[in-house]
Amino acid sequence: MVVGCLQGDCHYISGNIRARARVERVLAILGKIGIGGERLRMFNLSAGEGGKFAAFAREFVDSIREQGPSPVNLVRAGSGQPAEAEGGR
Amino acid sequence: MKSASNLEKVLAAGHFAVTAECGPPRGADPEIVRRKAALVKGNVDACNVTDNQTSVVRMSSLAGCMLLREEGLEPLLQMVVRDRNRIALQSDLLGASALGVRNLLCLSGDHQKFGDDPQAKNVFDIDSMQLLDLARTMRDEGVFPSGRKLEGAPQFFIGAAVNPFADPFAIRVPRLKLKIAAGADFVQTQCIYNMEKFKKYMELAWQEGLPEQVHILAGVTPLKSVGMAKFMRRMVAGMDIPEAVVERIGAEPKEKQAAKGIEMCIELIEELKEIKGIAGVHVMAIEWEEKLAEIVGGAGLLPRPVVE
Amino acid sequence: MITGTEKPIEEILAMVEPYQRLILAGCHGCVTVCRVGGAKEVQVLASTLRLAREAAGRPLEIHEVSLERQCDPEYVEKLRGLVGGYQAVLSIACGAGIQFLAEKFPATPLLPGINTGFLGVTVRQGEWSERCQGCGDCILHLTGGICPVTRCAKSLFHGPCGGSVRGSCEVDKEIPCGWQLIIDRLEALGQMENYGRLKPCKGWSSARDGGPRRIIREDML
Chain A
1 MVVGCLQGDC HYISGNIRAR ARVERVLAIL GKIGIGGERL RMFNLSAGEG GKFAAFAREF
61 VDSIREQGPS PVNLVRAGSG QPAEAEGGR
Chain B
1001 MKSASNLEKV LAAGHFAVTA ECGPPRGADP EIVRRKAALV KGNVDACNVT DNQTSVVRMS
1061 SLAGCMLLRE EGLEPLLQMV VRDRNRIALQ SDLLGASALG VRNLLCLSGD HQKFGDDPQA
1121 KNVFDIDSMQ LLDLARTMRD EGVFPSGRKL EGAPQFFIGA AVNPFADPFA IRVPRLKLKI
1181 AAGADFVQTQ CIYNMEKFKK YMELAWQEGL PEQVHILAGV TPLKSVGMAK FMRRMVAGMD
1241 IPEAVVERIG AEPKEKQAAK GIEMCIELIE ELKEIKGIAG VHVMAIEWEE KLAEIVGGAG
1301 LLPRPVVE
Chain C
2001 MITGTEKPIE EILAMVEPYQ RLILAGCHGC VTVCRVGGAK EVQVLASTLR LAREAAGRPL
2061 EIHEVSLERQ CDPEYVEKLR GLVGGYQAVL SIACGAGIQF LAEKFPATPL LPGINTGFLG
2121 VTVRQGEWSE RCQGCGDCIL HLTGGICPVT RCAKSLFHGP CGGSVRGSCE VDKEIPCGWQ
2181 LIIDRLEALG QMENYGRLKP CKGWSSARDG GPRRIIREDM L
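Chains as they are written, first to last, in my numbering: chain A, 1 to 89; chain B, 1001 to 1308; chain C, 2001 to 2221.
Fair warning: there could be bad hints in the mix.
Straight line, CA to CA, 27 Å or less: simulated DSS-like cross-link-like pairs of lysine-lysine [what the hints assert, rightly or not]:
no., chain 1, residue 1, chain 2, residue 2
1, B, Lys1121, C, Lys2202
2, B, Lys1149, C, Lys2199
3, A, Lys32, C, Lys2007
4, C, Lys2078, B, Lys1002
5, B, Lys1230, B, Lys1113
6, B, Lys1041, B, Lys1230
Listed next, the stretches of chain B that the computed footprint assigns to chain C, with coverage defined by at least 3 CB atoms under 8 Å from CB atoms of chain C [said to hold, decoys possible]:
no., stretch
7, 1124-1135
8, 1160-1171
9, 1174-1188
Partner residues aside, some chain B positions facing chain C, computed with beta carbon under 10 Å [claimed, not checked]:
no., residue
10, Arg1082
11, Asn1085
12, Pro1145
Worth flagging that the hints you see were computed from the coordinates, not collected in a lab. Idealized CB from N, CA, C, for every residue including glycine.
Turn these sequences into a full structure, and let the hints steer you where they fit.
Here it is in structure tokens:
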């Protein structure tokens, strides 16, 4: 989970916009190699929005729990079917 | 006489020349060329045969030229530098001359991106200006560009294409001057619709005395419909079709637009005949060769002169 | 600089499929500047490959390394003691760097991790654009400092062609017409007389057409 400032409210002017572009790149990579892009999310929040932060965190944790362990963890635990990345074999 | 081509003779005798063009077919069927030849014959002094125009593969220009010759038409070989290096260009020039082709048009060629093979490697070893120079050197000096003597110099009436309407306008006339310096005996222009701009171009050309140094054949293309006018304006680079022209053909009901297009083309030729320094017209009736006689005749340019 | 672009991860995964242990070698030269082959990209690519292979149940051991330059013998030597312990080297340097490694370590398979691009400049962060084709016979003094071989899609020496429209090339509206740029610049410099001169056919023997090129400086040997 990556958290950035609100759009247009970044101390580094466009830092949070750039960060989102990079998160999206990582997300695409995770999707392509069979890990799943849904395991990474970026939220935008202000420092004063504690309640919202907690809600986002819960929402993300729930979504991860729903997805279950990552393919890597499944393989490590010896209980899962290996994931097939698009370019594999 | 540089080439003793019919086109050169007609121009030298001071006649207002007429050329047209034939696009070879997308296949090996010679009958298609012969059918077009029958429509063109008698209406022109020479007929251009295009060289894989818009980078779409067609029967070779030289083969098209030979088929026209067999039908008794004088061919004008278009040659682009996109697909052949200087070795192939020289070789094809010698071959074309040996087979009796006497007119040549030196072009760059559309980028391969527009054809069926956009992944093709382009050549552009030399450009169209340098091809003019190369052809002229071979013809006049009887040598290869390398300096070695030719076993028989090729005989060509050498031409170039010019676009008076392309960007940037500032170099249009310097560019014509450069083409003449490189070896152009005649030039054929891009289709003219914007007469005002063309007249301005001719004025600037006269300031340099260029129409006295080269035969300028003004390009015209009859419009088949308002749709064609709009399409050409939008899609063809360097095509200048003023709004008034589009409106005039658009004002006609659909079934009368083709006739209007021909009428407008004839008017345009009549107007071009009056411009000092215009030596002839190049009628590009694209896939509409059957209208050629009507257009050329309508403009009072038939029968074509026979010059010995 | 020499630019490059990432290869699709699927293509790299297919390339490394037969191996369990490899070196991933970056380069601190040009490809670092264009963000495709430096130390950071080594980390990102190594992590990606490890994750993918682990998830597929065929873990891959990757030794991450970045050389100062992969195109200079003194830096390449750093890998000498290392390559013996690995099955292959995946390099994300330019094609010259990758080939130089292959030359120096003939017993080790070399895999290209990027597609090498062109000699270009950084237009702005994240955008690079071609400027030079290394044709070996520079005429920039005649063309207002703008190269017709590179900037014109047809490499014309007497452009522009009929496809120049309002300053753009017919190939792509986003590409400025090289000859429009040249003419604008010649006009601004008062050097339009250069436009009106017929340039001789270019000798391509100094370009790639003459075969692989080499430079020998007697004073430096």
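**Message:** Tell me the hint numbers this structure goes against, listed in increasing order.
**Reply:** 4 and 6
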